[in-house]
Amino acid sequence: MDFDAVVIGSGFGGSVAASQLAARKKKVLILERGTWWISPETLGKPPPLGPGQQRMPDWLAANKQPVQYWPRPDNKDGLLDVFASLRTGRHSDGLYKFSNFDDATTLTASAVGGGSMIYSNVTIQPDPAVLGQIGLNLGAAEFGAARQWMTDFRGPLTRCPAAG
Amino acid sequence: MITHPLGGCTIGPDRTRGAIDEYGRVFDPGGAHPADTHQGLFVVDGSAIPGALAVNPTLTITAQALKAIGHALGPSAAAPTVAAAGSTSHP
Chain A
1 MDFDAVVIGS
11 GFGGSVAASQ
21 LAARKKKVLI
31 LERGTWWISP
41 ETLGKPPPLG
51 PGQQRMPDWL
61 AANKQPVQYW
71 PRPDNKDGLL
81 DVFASLRTGR
91 HSDGLYKFSN
101 FDDATTLTAS
111 AVGGGSMIYS
121 NVTIQPDPAV
131 LGQIGLNLGA
141 AEFGAARQWM
151 TDFRGPLTRC
161 PAAG
Chain B
1001 MITHPLGGCT
1011 IGPDRTRGAI
1021 DEYGRVFDPG
1031 GAHPADTHQG
1041 LFVVDGSAIP
1051 GALAVNPTLT
1061 ITAQALKAIG
1071 HALGPSAAAP
1081 TVAAAGSTSH
1091 P
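If you're matching them up, the sequences are chains A and B in order. Each residue of the first sequence is one higher than the one before, starting from 1 at the first, in the working numbering. Each residue of the second sequence is one higher than the one before, starting from 1001 at the first, in the working numbering.
Do not rely on the hints blindly, as some may be mistaken.
What the hints assert, rightly or not - Covered stretches of chain B, as calculated for chain A (at least 3 residues, CB under 8 Å): (1) 1001-1012; (2) 1046-1056; (3) 1059-1066.
Said to hold, decoys possible - Which chain B residues face chain A? A few, computed with CB under 10 Å, are given here: (4) Gly-1018; (5) Gly-1024; (6) Gly-1040; (7) Phe-1042; (8) Gly-1070; (9) Ala-1072.
Read the hints as simulated data drawn from the structure, not as lab findings. Ideal Cβ placement from N, Cα and C applies to all residues, glycine included.
Turn these sequences into a full structure, and let the hints steer you where they fit.
As structure tokens, then:
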């Protein structure tokens, strides 16, 4: 198979890149090491479906995508769920991975969607003084474009084309 | 404890002070000029962010990724409709 672009990761960086490439009719391969994750309970109100659309769990099943369910830390079984979703040599599809380095220990997660799995809809613009201090050249135009991208893609990414 | 680790391939003015330029292009250590970059290789995730933001990084990572990919690809077509984006997101 030939692709115009290969995108490694599917978080807020990779999904932006892939969506912008696809919008220009480029053929894109996204590489993601994590599986799809779905909340066991429905959170909020699902968006209405248009003609020819289906909900993501149905789309995942129809397309034989690897999908798992979020741990539930808010009930008595939650702690067991967290341990069950650790990413280890024996459970290579787990959600959480501990890594021990010489000077740091990290807890990372792997999922389709990357950081969007856990960002809780928090989209705060940093203080311009902070951006200047670290040398990041982003202003109102760039942050406005980012908010618009999130608005444009929130619907499309939660409603999938029907199978067939 | 750091809850939003950022950086690793950070933005800088040239290869002596960063891994990528402000448009996500990866500096080429073999280039004639310290700010020369590789063709077709970009970093557009949180590792590009050169320091702590003091707020959640989601919007900043998205803004930086859009800036980099927009610079590489040129101005986008109109924002995708639900149907068009659905068909391209799940081919």
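Could you check the structure against the hints above and give me the numbers of any it violates, in ascending order?
-> No numbers; nothing is violated.
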